[in-house]
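Asks: Chain A is fixed; fit chain B onto it per the hints.
Chain order of the listed sequences is A and B. When the count follows the numbering used here, it moves up by one through the first sequence with no breaks and lands on 1001 for the last residue. When the count follows the numbering used here, it moves up by one through the second sequence with no breaks and lands on 189 for the last residue.
Read the hints as simulated data drawn from the structure, not as lab findings. In this text, all values refer to a predicted model and were calculated from it rather than measured experimentally. Glycine included, every Cβ here is placed at the ideal spot set by N, Cα and C. It is possible that part of the hints are untrue.
Partner residues are not named here, just some residues of chain B that face chain A (Cβ under 8 Å, in silico) [said to hold, decoys possible]: (1) C64; (2) D86; (3) C90; (4) S91; (5) G147; (6) S179; (7) P181; (8) F183.
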Amino acid sequence: MRYLPFLLTLALAPGCQDPTHDNAVDALGGEAPGIPKGPLHRAGQPCLTCHGGEGPANTEFSVAGTVYLLSYQDTVAPGTTVLVEDSTGVAGNVVTNAAGSFFINGNDWHPVFPLQVTLTYGNITKQMPVQIGRAGSCADCHLAGSRGGPNTPGRIWIALNQSKLAQATQPAQ
Amino acid sequence: MTPRSSLIVLLLVAIGCALGSCSEAPSDARVGVIAPNASEEAFGPVADFLDHRCGTLDCHGQPGRNLRIWGCEGMRLLITDASICSRKNGGQPTSPAEHQATYRSLVGLEPTVMSEVVADHGRDPELLTFIRKARGTESHKGGVLFTPGDDQDVCVTSWLAGKTNLTACSNAFSIPTFPSLPSQ
Chain A
829 MRYLPFLLTL
839 ALAPGCQDPT
849 HDNAVDALGG
859 EAPGIPKGPL
869 HRAGQPCLTC
879 HGGEGPANTE
889 FSVAGTVYLL
899 SYQDTVAPGT
909 TVLVEDSTGV
919 AGNVVTNAAG
929 SFFINGNDWH
939 PVFPLQVTLT
949 YGNITKQMPV
959 QIGRAGSCAD
969 CHLAGSRGGP
979 NTPGRIWIAL
989 NQSKLAQATQ
999 PAQ
Chain B
6 MTPRSSLIVL
16 LLVAIGCALG
26 SCSEAPSDAR
36 VGVIAPNASE
46 EAFGPVADFL
56 DHRCGTLDCH
66 GQPGRNLRIW
76 GCEGMRLLIT
86 DASICSRKNG
96 GQPTSPAEHQ
106 ATYRSLVGLE
116 PTVMSEVVAD
126 HGRDPELLTF
136 IRKARGTESH
146 KGGVLFTPGD
156 DQDVCVTSWL
166 AGKTNLTACS
176 NAFSIPTFPS
186 LPSQ
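This is chain A alone, in the form it adopts within the complex (with noise of 0.2 Å):
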């Protein structure tokens, strides 16, 4: 009788499983060889599967994902410096890391949605022309190794070819 509660809790945990955050969680696959567990790992994805408050990692971020040099090509930009503005006036700079990666931890802010992002590389700045509305993670509609489609605007990118990103000045690192 004494471990009854401690039974029951036991009978109880399965349902309290999210199965569709489960799968998610599960259709990003292993680590990619050689990148551990970090800032670094994982670019492209969608870091909020994980990183969103369900699990199952321990960091939260409020909005995060990766940002490529080209349209058409998965080369990341790292350095380049990401504006998010949110609704209520409130906005914060971060800059991507080696994998081209940025994130805002939740304890540190939660911007209120809808959210305005601005991208600068060196001498590129480029707005992005549609708010955000719900998503903090990127690649839940900017699907790495795109260009686009009826679904996704492709890849976040800084320069629509090589020729524009030839004429950008190197970001301060």
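Replies: Same frame as chain A, but now just chain B:
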């Protein structure tokens, strides 16, 4: 009547009712809807605003939503199009066919309520769930978007009332305002 014959009569009535409920409606049967103006002039600007404000890929620009919105800022109708508006970036502006797809989605959500609202010249738009959700009088995952009387609200409700306020629809694009960009 004996109890046994009463039971048989009851059974026959029940079978008759069941058969009646299975009979098919005529294939040409239609349910009439008093629909708001579907023309490109009247609904096009409303559809463009809805695409901008509600139809991003992370909100109603998804096939799984009851209210589906099509357009260049979100979900495209043609598989050959991308969710990009700018031609120089490889995109295509929203097409009239996408406006019509959004129209059918919106009107088809609650056709009888829509009929009532339109027949009453849009006097009580909050009868419609999508207006209640946008105004926040009903729970909405996307939050409160419209304030009654603001340009967004007027854009949509004026269309329901039969005369789209094009100025309001144009101004609605600038809501919400964001902090000014850094100098470029």
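Asks: Look at each hint and say if it fits the structure.
Replies: Here's how the hints hold up against the structure:
no.: 1; hint: C64; in the structure: holds (4 Å)
no.: 2; hint: D86; in the structure: holds (6 Å)
no.: 3; hint: C90; in the structure: holds (6 Å)
no.: 4; hint: S91; in the structure: holds (7 Å)
no.: 5; hint: G147; in the structure: holds (6 Å)
no.: 6; hint: S179; in the structure: violated (11 Å)
no.: 7; hint: P181; in the structure: holds (4 Å)
no.: 8; hint: F183; in the structure: holds (4 Å)
Checked against the numbered hints listed earlier, the structure breaks hint 6 alone; every other hint is satisfied.
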